[in-house]
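There are 2 protein chains.
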Amino acid sequence: MRIVVDVMGGDHGCGVVIEGVRRALDADKKNLTALFLVGNQEEIQAALRSTGLRDERLQVVHASEVMTMEDKPTAAFRKKKDSSMSRAIELVGDGKADAVISLGNTGGILAAATVMLRPLPGVERAGIATVIPGPDNQFVLLDSGANSECKPIHLLQYAVMGSVYSREILGYKKPRVGLLNVGTEETKGNELTQEAFKLCKEIDINFIGNVEGYDLFANRVDVVVCDGFVGNVVLKTCEGLAGAMITMLKQELSRNPKRKLGAYLAQNGLRAIKRRMDPEAYGGAPLLGLNGSVMKCHGSAKERSIMNAIRITTEAVQHQINQTICEELKRATARLAAAKPGTPTSVAA
Amino acid sequence: MRIVVDVMGGDHGCGVVIEGVRRALDADKKNLTALFLVGNQEEIQAALRSTGLRDERLQVVHASEVMTMEDKPTAAFRKKKDSSMSRAIELVGDGKADAVISLGNTGGILAAATVMLRPLPGVERAGIATVIPGPDNQFVLLDSGANSECKPIHLLQYAVMGSVYSREILGYKKPRVGLLNVGTEETKGNELTQEAFKLCKEIDINFIGNVEGYDLFANRVDVVVCDGFVGNVVLKTCEGLAGAMITMLKQELSRNPKRKLGAYLAQNGLRAIKRRMDPEAYGGAPLLGLNGSVMKCHGSAKERSIMNAIRITTEAVQHQINQTICEELKRATARLAAAKPGTPTSVAA
Chain A
65 MRIVVDVMGG DHGCGVVIEG VRRALDADKK NLTALFLVGN QEEIQAALRS TGLRDERLQV
125 VHASEVMTME DKPTAAFRKK KDSSMSRAIE LVGDGKADAV ISLGNTGGIL AAATVMLRPL
185 PGVERAGIAT VIPGPDNQFV LLDSGANSEC KPIHLLQYAV MGSVYSREIL GYKKPRVGLL
245 NVGTEETKGN ELTQEAFKLC KEIDINFIGN VEGYDLFANR VDVVVCDGFV GNVVLKTCEG
305 LAGAMITMLK QELSRNPKRK LGAYLAQNGL RAIKRRMDPE AYGGAPLLGL NGSVMKCHGS
365 AKERSIMNAI RITTEAVQHQ INQTICEELK RATARLAAAK PGTPTSVAA
Chain B
65 MRIVVDVMGG DHGCGVVIEG VRRALDADKK NLTALFLVGN QEEIQAALRS TGLRDERLQV
125 VHASEVMTME DKPTAAFRKK KDSSMSRAIE LVGDGKADAV ISLGNTGGIL AAATVMLRPL
185 PGVERAGIAT VIPGPDNQFV LLDSGANSEC KPIHLLQYAV MGSVYSREIL GYKKPRVGLL
245 NVGTEETKGN ELTQEAFKLC KEIDINFIGN VEGYDLFANR VDVVVCDGFV GNVVLKTCEG
305 LAGAMITMLK QELSRNPKRK LGAYLAQNGL RAIKRRMDPE AYGGAPLLGL NGSVMKCHGS
365 AKERSIMNAI RITTEAVQHQ INQTICEELK RATARLAAAK PGTPTSVAA
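Which chain is which? The protein sequence lines are A and B, in order. Start counting the first sequence at 65; every next residue gets the next number (the working numbering). Start counting the second sequence at 65; every next residue gets the next number (the working numbering).
Quick caveat, the hints were computed from the structure, so don't treat them as lab data. Please note that the accuracy of each hint is not assured.
No distinction is drawn between identical chains; accordingly, a pair holds when it is met within one copy or between any pair of copies.
[Stated by the list, open to error] For lysine to any residue, the following SDA-like pairs were computed, each having C-alpha atoms within a straight-line distance of at most 20 Å:
#1 145 <-> 126
#2 338 <-> 323
#3 237 <-> 268
#4 144 <-> 132
#5 366 <-> 107
#6 322 <-> 338
#7 314 <-> 338
Given the sequences, and given the hints that come with them, work out the whole structure.
Spelled out as structure tokens, the structure:
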């Protein structure tokens, strides 16, 4: 397994990323055969020296530019030819590596990866699949921000890709796939969801129909399908609300000595909640539907996130999820064609 | 002030609603001059006897049918001519009452109220304005479920209506109005939000631009504007996540005797969090933009919710928010026309 890490573009500098790489290399001596660090050579060498990391599997690839959060994705991709992000994705495109991890600008990764790797056969648009922890299960939310203007067929493709990811990576044998909507009846919602519902019920996934916001954290659905606008808003709202509730907990439990003592005694329980809701456990969110494995980490990702992102990316490649996605999409396309003969299913060949 | 309460259609039966009415009548002897209870006469009389409620201000209006949660809104509104919901709204339409409160089917209330009361001048679509408590402020989310297929001008109208509501009812002097989006730059999002952004920045509200999910609970915005699909998903997701976090808190804090003791000592703090996040404090969500005051309560609303809904509805009527909405929309329309002479602003006359 050959992994590329774009070490630039994170909020905490490349040292933190390289420390995450060190942990991943230590944790997996067997499958991880090569690791490319792409970015400013001097910064990388300095970070390697300060972390004391030396490993035969490491290769440093210099890139003179960085795609920043402020860059407009498509324009920057064209202009910054030597960005660490482009160079990193290129290694996968050229077949020199199997998967790439970046902490940079999501739109930039999406633009660069779509152009340089191309979508998988049967996929029109890549989607970002974010794994979100609930009290009793973990669900995949996709698209969580790649594609703000979706067509029904895109949602169908997300349903298939999410189902494969949940099964192969999260271990749900028969993942429950739900369409995020404002009510449970088939006729609810807008044109997009109504049409997508009709498509999803024809194909061979465990489609449970529409789900509502209430269902997400109630262990009723394993794959939540929606357009990238809704998914992104939901994802960020959940992060915001969970953070706000933890802030309130801290405020309220430090208001007087009695509560402080209570919080002290219950501290392992309070920590357990933070741990159970911790997005760092997943390290990042994969861009599904591309001819290559691409993992997007949060800009604020720290060592543990990076390590986990490398681990999960390794698993995704090992499980050949791209191959499975292609096969299942092919079957889905055949089903749709059989259900409505003569109707173009608009799945690219 | 004359308030109508549709006592049918709640999850807990009409007794709970009538107990809420009793509390509201006790709490406001001055402004609340008449209260109509609409529904099955026998059930109402039985509930009045069991709660011991007697008040000169009460009037019972019989209705033989109930709009259920399963009813398809528009069809049921046409078919069930004698539903408590229609009869209740009719009293406002006929000028016999000032405001109506219902726990029934949201789509049904919307359909009946739109037909029977008509939108306010300048409003194309009514919107549901839900007040959501954050740690440090309360924000209005609208539309939270009335209008799944919005045009940019609808979002502009929601921005104005939400701004008026936040100022007049919640007391924010210069409410910060934000457009819910996937990024903060003006060019972010889909066609709807990009166009709505251009409209909102022209008019005389405190428009702070795009906001993201992170901002909602961070005291950065007082009025969150979005289409009814996104708003409904966000609202239900927040309810689901907040509930899940409280469930996890209970699980973790009862896992062993030490944590239990801690939770016991900190119990006032834990209760304070539940209280701070309690949606019952607002009683319900108003349908804004109609020629009459309409408040939709949650189907599961209990006594305190009903009481609060009556109080808030009374305030909304006293503050003449509908009149203010009309004036401000008129000004907004003039501004838009001035900004782009010759462009139809598509605000109904």
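Each hint, compared with the structure:
no.	hint	in the structure
1	145 <-> 126	within (13 Å within a copy, 75 Å between copies)
2	338 <-> 323	both (19 Å within a copy, 15 Å between copies)
3	237 <-> 268	within (14 Å within a copy, 55 Å between copies)
4	144 <-> 132	within (11 Å within a copy, 59 Å between copies)
5	366 <-> 107	within (17 Å within a copy, 61 Å between copies)
6	322 <-> 338	between (22 Å within a copy, 19 Å between copies)
7	314 <-> 338	both (12 Å within a copy, 14 Å between copies)
Hint violations for this structure: none, all hints satisfied.
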